[in-house]
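*Asks:* This is what each chain is made of:
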Amino acid sequence: MTLPELAVDLPEGWSHRRDVAPFALVARADPWPTRLAPNLLVAVTPADPGQSPEAYLAAQIQGVATTLVEPVLLDASADRRARTVTFLVAHATGGADLTVLQHHSHTDDGYVIAAAGTAADGDWPEVAATLYALVRSVRVAS
Amino acid sequence: MIAPEYSPERGIIRLPRHHLEAMVGGDERALDPRDEIGRELKELGVVVDGGVDGALRQVLHTLRHPRSRFGLRLEQGADVALHRGWIAASGVVVVSGGTGADDVQDLRAQARPSAAARVLAGLMEIGPAAEVTDLPERSLPWDEVMVPVREGAGTGWARDAIGPTQPVRLTHLRWSSDGVRRATTAMVLLSAGSAGIVEARAADDGYELVARTPAQVWTGLCTLTR
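Sequence order for the protein chains is A and B.
Each residue of the first sequence is one higher than the one before, starting from 1 at the first, in the numbering used here.
Each residue of the second sequence is one higher than the one before, starting from 1 at the first, in the numbering used here.
Okay, chain A solo, but in the shape it has when bound (with noise of 0.2 Å):
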């Protein structure tokens, strides 16, 4: 996959911060036959060489319980060996109730690949073991 050369006008004041997300890929299933299509986000931002996949994972749900509405942390694990940690939210939006899969993986080369799958909550039964694949197979290109 080549990505697109982008080109956006910026306002006065505004950076592009390439430092937070160098890449990001969003993806869905299309067609789905509800208003919310399970979707996929990968982000790629610089990871703190000093801090423990604990630490790591502390600070994530610490974001999520700040962030989110009425967050409900559902399941939580962090693996030292293969440098990821994985967590499970369920959450409210203006709209929907939403169930959010998260699979962080630190590279060899300084970064955290941050790959998350979302569903409705209605439709998580049916796309939950292919939400836990999809957000399990995002690495880096060999």
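If you are wondering where the hints come from, they were derived from the structure by calculation, not from laboratory data.
One or more hints might be untrue.
Claimed, not checked - Computed Cβ-Cβ distance ranges for the label pairs, DEER-style:
hint	chain 1	residue 1	chain 2	residue 2	range
1	A	Arg136	B	Thr184	35 to 41 Å
2	A	Asp30	B	Asp32	55 to 61 Å
3	A	Thr93	B	Glu125	19 to 25 Å
4	A	Arg139	B	Leu82	46 to 52 Å
Stated by the list, open to error - Here are a few chain A residues that sit away from chain B, every Cβ distance over 10 Å (derived from the structure):
hint	residue
5	Trp14
6	Leu25
7	Pro53
8	Gly110
Beta carbons are placed, not taken as given, at the ideal position from N, Cα and C, and that holds for glycine.
Please build the complex by placing chain B on the supplied structure of chain A, with the hints as guidance.
*Replies:* Only chain B this time, still in chain A's reference frame:
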């Protein structure tokens, strides 16, 4: 004991069970200030100008027209918490409290029926948990299943499976898919916080204990409520 209180802007609706049932059933005494129920509801601010306060109308609509209902019993030692839920097109209402006529009921409402699974997960305190191992291979009679719930941490089957320190809580979820028929058992969990979750499944000769992950429980709740 919880006191009756009506402050919907703060998410607080606490009413005696008898008063709540009178309103849900359309009992005229609820709106009559000459009656004790009506007078108390007026003093609380539930009844305003002879009618039910607007903030409670959607809650009452959900309670009167459910498409499904649930009952949840949480038990650990001598502590028992009871929650009842109604799910309708107008939302989800959870009523928590004792079964006596004067027992104050705590009402919590969500405006969308699709919130039901998350509401249940919150009540059941589903969260990150280790995988349970060393469960009994044979089916157990119910009394044996309940030993660690009733007798405390490290007793019965939980001694090997959960460990000596973590208390075990029973979560019994009952479900009525049409809101009318009597609710039947949908899920029986024995959970020990982060130490793990076990499902007790009815078998021919008792109850089979099966290790569950939080994600499996969540999938079960989403399946049940959709």
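*Asks:* Confirm or reject each hint.
*Replies:* Here is how each hint holds up against the structure:
Range check, A:Arg136 to B:Thr184: Cβ separation about 37 Å, and the 35 to 41 Å hint holds. Distance hint check for A:Asp30 and B:Asp32: the Cβ-Cβ separation is about 58 Å, which falls inside the suggested range of 55 to 61 Å. Taken as a hint, the range 19 to 25 Å holds for the pair A:Thr93 and B:Glu125, whose Cβ atoms sit roughly 23 Å apart. Take A:Arg139 and B:Leu82: their Cβ atoms lie about 48 Å apart, and the range 46 to 52 Å holds.
Against chain B, the non-interface label of A:Trp14 holds: every CB pair exceeds 10 Å, the least being about 35 Å. Here A:Leu25 stays apart from chain B, with its beta-carbon at least about 24 Å from theirs, past the 10 Å limit. Distance check for A:Pro53 against chain B: the nearest CB is about 14 Å away, which clears 10 Å, and the non-interface claim stands. For A:Gly110, the requirement that its beta carbon stay farther than 10 Å from each beta carbon of chain B is met, with the minimum near 27 Å.
The earlier numbered hints are all upheld by this structure, with none contradicted.
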